[in-house]
Amino acid sequence: MTTGNSIAIRTDRVSRHYHMGDALVRAVDGVSLEIRAGEFIALLGSSGSGKSTLLNLMAGLDRPSSGAIFAHERNLADMTPEDLARHRSHTVGIVFQAFNLLPRMTLEENVELPLRLAEVDREERTARVREAIERVHLTARLSHRPSELSGGEQQRTAFARALVNRPSILLADEPTGNLDSATGDQIMQLLREINQTLGMTIVMVTHERPRAERFAHRLILMGDGKVISDGVPA
Amino acid sequence: MKGRDLGELAIRNLREALLRNSLTTLGIAVGVASLVAMVSLGVGLQDLATDRLARSGLFDAIFVTPRSAAANFRGGQGPLFAPPEPPKPLDEDARQKMLALPNVVEVYPDIRFPIEIHFNGNPFATMAAGVAPSARKDGAFDGMKGSFFSGPGTDEAILQIDLARQLSNQPDSLIGQNVVLRYAERQPLPADGSSASDGFSIVPKEKSLRIVGIVETEPAGGVGSLGRGRLLIPLQLAQTLRTAQANDLRDLLRDNPNQHSYESLTVRVNDPPKVKDVEDAIKQMGFTAFSLIDASKSLSLVFTVFDLFLGIFGSLALIVASLGIVNTLVMAILERRREIGILKALGASDRDVRRLFFVEAGAMGLLGGFLGLFIGRLIGLAINFGTNVYLKGRNLPAISVTAVHWWMAALAILFSILISLAAGIYPASRAAGLDPVEALRYE
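So the protein lines, in turn, are chains A and B.
Each residue of the first sequence is one higher than the one before, starting from 1 at the first, in the working numbering.
Each residue of the second sequence is one higher than the one before, starting from 1 at the first, in the working numbering.
With the rest of the complex left out, here is chain B (with noise of 0.2 Å):
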């Protein structure tokens, strides 16, 4: 029989015991919504715990210094001290190189400077920071008061709130003023031939800020800057104000001491198992380069060990209502023996009648898996819900505990009708292996 034509008995079958093949049905789709709520549970608090770590920023970061003469010693082989060689200077050359990298998206200096801010008169010292435009998505400007720089190059601040505190009774009254911030900047000297010529002075500058936020904890800036200011300006804006910097003293040594060098290069990686390579591959360029050890590979094994139970006792509700189908088609032998027996007169082969009732089987197990996912969402987006309005409670963010990718629903289906299918496995055979003759005395 043609795929069609079986389909098509297959679904008037289905049809004319409606009530039992609708119980049945919807027993596939309770087991198939006890897993997926089950799954995408672990798999939601696994995206939670890898989405926090991700944008922790600690894994997914490279620090970068220029190497010290004492990293070119080689001990065992060769001489016992290798040619002198220059360090490499951690320039704006060198970094252009590191965002050509492949998986690179991002290179950026940590620049810190000592600051005063002079706000209603009085002044206040504290350090400041640049803060690169990813760190927008960073988890320490969750739930922050205000809001994000603008532009990548705006005149803005953040502050974090000691520093509010410090600056005004009541923080939030902060977000829309200015403030002004002095500075050390570095200027180079004028030109006059003289050897002197080639240094740099300090001089004081200020510069007025508006400040758009208020931060409640202090961003980690990656792997080598914790700890990096109270009072936050972009990148792009600390960059513009050639601020002096701890390593100025060390390009003041250099031939060309207004040539600007980094103190340090964070690079980040658009993953974090790739880190090990663009690792080494800056080690290679002739730098220092350090990065944590990727905690999310660990964390998966741990979730793929829960994700694996949430799944085991999930599928237990989806084993039972096989049984279901199993008791139904049985059922359904019984009350169709006579028409198995008609079909067999007719020409049907035993395959025919064997894969009706598989047909039978797997519709149910299509439709079960299908009410089953829509239904384990739903769960899940209940356990999202109670899940924020206790959080709520406590003055927490929200967040998604629970997760349905599309691998899952595909998976759940999928599963549902294998499941469904295994069940038909007995009473399909039972009903192509029936005798004809005896199946057409049947009354």
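Next up, chain A with everything else stripped away, as it sits in the complex (with noise of 0.2 Å):
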């Protein structure tokens, strides 16, 4: 894990454009920025102003239309998709909205899943597993599955499930936007606690201002694919 001053992730005029129909989309539009490593930002900005999709380039699950992209000075527009997935697996972990959890699986597979994808042995995974839920506070709850689990416990599920493999940056897409406003707060503590004690960089995007100036260091507001503003909240 890297902390200190380094820069955990870099962009320098990265642009997504796609066409919708005959028009050209410009999701994200030359945004060049610079997130320290243990810097817990908040990407804002209204639907559509391209926060997602700079999120998204910066999990390596989607690819700039030019410019670039670092992650600890690797350009992820340089990689392959083997690498790509590496680069999901090993440097980031990822929360969505919608908690994304499999189903089928209880709470202790859904957390192992990324360990197994990543090859990491058995014996160890058990230790990790624990560790991972130990950290969201869920440890009661191990063969549930997601159904049986409330909003917010499936949140924490997918944010031990992102914490498991160790991963440097945590990157998360509206994490409260399906929770109540109790929930949402919890939530926010568990990524304020995990940004503190395990010094990550956390990248979140959220619509919701008070929140983000409440939790953030930083607050970078997009609007039409492009950087707005960006500072420390008031």
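Among the clues, some could well be false.
Restricting the straight-line Cα-Cα distance to at most 16 Å, the calculated cross-link-like pairs of lysine to aspartate or glutamate (EDC-like) are [said to hold, decoys possible]: (1) 2/B <-> 34/A; (2) 226/A <-> 34/A; (3) 137/B <-> 106/B; (4) 145/B <-> 162/B; (5) 2/B <-> 124/A; (6) 145/B <-> 106/B; (7) 2/B <-> 148/A; (8) 145/B <-> 216/B; (9) 2/B <-> 121/A; (10) 88/B <-> 350/B; (11) 97/B <-> 279/B; (12) 205/B <-> 116/B.
Quick list of simulated restraints, FRET-style, between CB atoms [stated by the list, open to error]: (13) 73/A <-> 407/B: 53 to 61 Å; (14) 12/B <-> 199/A: 34 to 42 Å; (15) 407/B <-> 134/A: 25 to 33 Å; (16) 18/B <-> 143/A: 20 to 28 Å.
No lab work stands behind these hints: they were computed from the structure.
The structure presented is a predicted model; accordingly, all values stated were derived computationally and were not measured.
C-beta: ideal position from N, C-alpha, C; glycine also.
Mind assembling these two chains? They're in different frames, but the hints should get you there.
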């Protein structure tokens, strides 16, 4: 895990354009950013502002149309599909608004899945799964399936799954979007805890400005694919 | 992803859509069953035909006689007539040498002699023949009444049905009864120093034998001994009787007339294709050797073509079943689109996703292969059963018309897996190529 003042993510005039019929959509349009290791960033903006697309580019789920995007000084735009898969497996952990747990698997199995994909030895897995589940305070629910968990519990499971491979960057796309306000606060508290205790770099997409101001170190506001403002919360 | 994890995830996925995957697997099983049943019928018929040919004793036997003086004639090369070489005697020494040749399982003389049978006070003139122990496997003894000789040199006889009918109106009642055999024995003359003592005399002898069986057809004793005898005795017994043989006159003319030689020998080889080599070796030893060309070669060509066509027809069902796999897996991609997106977001590579779908296809192929093999064998057994019911109705002996060899079983399962994997290529590539962002957006 990289901490201190090194650069975790750097984008250099990165763009993501795509065609919708005859129209060219500039989802991300020449964004240049530097995110230091250990920072807690909130990407703000209205729907269609390009914040989720930028997060997908950082996650290596999508490729830029032009420009460069570096994670620990490695350009994702130049990576092979295999390298990108390794980036998603080892460098970043991703959490979604819709939790995206596999419904047929128990909590424990869901959390173990990234370890299977990363070919971690079976003996080591159990300990790492327990450690991740303890971190999100869900030890009592190990053998429950997602349908038997509350929304907050499901999102915490998703966090455990994102943390289990010990990535250096946590990317969260509207993690509180499907939760009530109290549960949303608990999840934000968890994010802060992860950021502070593990020193993990966090980039969170949200449209809830007040909550972002309360928890994040830095707010980046996007509109029409561009960065409108970038600064610390007031 | 490691193989074990891949397997666990694949099985989990297969169990998820249990009904659909079971039906697809059953489709493959029916395809494999049709292939196995067809090919096992072809192979079974081939086995039956080659077995019958082998048991006829015609294609694994070499008929050996002493080389006559005329055989020493060499045309074309060297002197017109070779220096006269005495023909080698076909004696016990030569027999042992032939027995020592590779692939030779048995060398036995063709012993036939005229006899007179005394039964219920009436004489019956006929021919007796010695039967080698290997003849027990001969097709002619299938379905015989009574039993084969209990030992190699026992005082027992098997009657040919025509002779049995001559002896009694109820031939079956002869089994277990004794019959007296009168035959001509060759005895050396007492040594008195004169040249006449080199000869032998022929005297009548009698022997009582117990009838143990009655055979319908006359067994062929190899190439040279067609039409042997109507009273069959163990070969070893025939040898100990020292009966007068046709070549006794030839023995009389040799330096040592009392050293017995054989008129002919039959050499049995363990495998028809080896006959040619053994035959050449015997010719090298200075004897005349004769065998029939191995008919099983041309027969196996015919059956190979036959099996090929049966295999093609059988495979059609399997190919149709493979379309079922394509359909099932393509449906699975649609259903699991989001799941594939999640796997990719968590670090699964395109290769992992492709392998996962391959393992699922392969597992259905493996399971379908085993199940199909089982069903195919059941169909084969049903065909055997039906055939034998029909044969029994016509008083014919039971046979097996279908056969599953281990290599067929292995090939059927391998073929099933390969076809399934081939069917999995398209769905697996499609799943691997899914854009994770698109897949995650899918509801």
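We went through each hint and held it up to the structure:
1. Pair hint residue 2/B plus residue 34/A does not hold up; C-alpha atoms about 36 Å apart against a cutoff of 16 Å.
2. In summary, the hint linking residue 226/A to residue 34/A is supported, as the alpha carbons are separated by about 14 Å, within the 16 Å threshold.
3. Between residue 137/B and residue 106/B, the direct Cα distance comes to roughly 14 Å. Compliance with the 16 Å bound is thereby established for this hinted pair.
4. The suggested pairing of residue 145/B with residue 162/B holds, with an alpha-carbon distance near 14 Å, which does not exceed 16 Å.
5. Using a Cα cut-off of 16 Å, the hinted pair residue 2/B and residue 124/A holds, with the two alpha carbons roughly 15 Å apart.
6. Between residue 145/B and residue 106/B, the direct Cα distance comes to roughly 26 Å. Violation of the 16 Å bound is thereby established for this hinted pair.
7. Between the alpha carbons of residue 2/B and residue 148/A the distance comes to roughly 30 Å, so the proposed pair goes past 16 Å and is violated.
8. Restraint check for residue 145/B and residue 216/B: the C-alpha separation of about 8 Å stays at or below 16 Å, so the hint holds.
9. For the hint pairing residue 2/B with residue 121/A, the CA-to-CA distance comes to about 10 Å; that is within 16 Å, so the pair holds.
10. At most 16 Å may separate the alpha-carbon atoms for a hinted pair to count; residue 88/B and residue 350/B exceed this at roughly 80 Å.
11. A C-alpha spacing of about 13 Å is found between residue 97/B and residue 279/B, which places the hinted pair at or below 16 Å, so the restraint holds.
12. Pair hint residue 205/B plus residue 116/B holds up; C-alpha atoms about 10 Å apart against a cutoff of 16 Å.
13. Remark: the range hint 53 to 61 Å for residue 73/A to residue 407/B is upheld by a beta-carbon distance near 58 Å.
14. Take residue 12/B and residue 199/A: their Cβ atoms lie about 36 Å apart, and the range 34 to 42 Å holds.
15. In this structure, residue 407/B and residue 134/A break the distance hint of 25 to 33 Å, their C-beta atoms being roughly 56 Å apart.
16. Look at residue 18/B against residue 143/A: about 22 Å separates their beta carbons, and that is inside 20 to 28 Å.
Going down the numbered hints, you'll see the structure goes against 1, 6, 7, 10 and 15, while the others check out.
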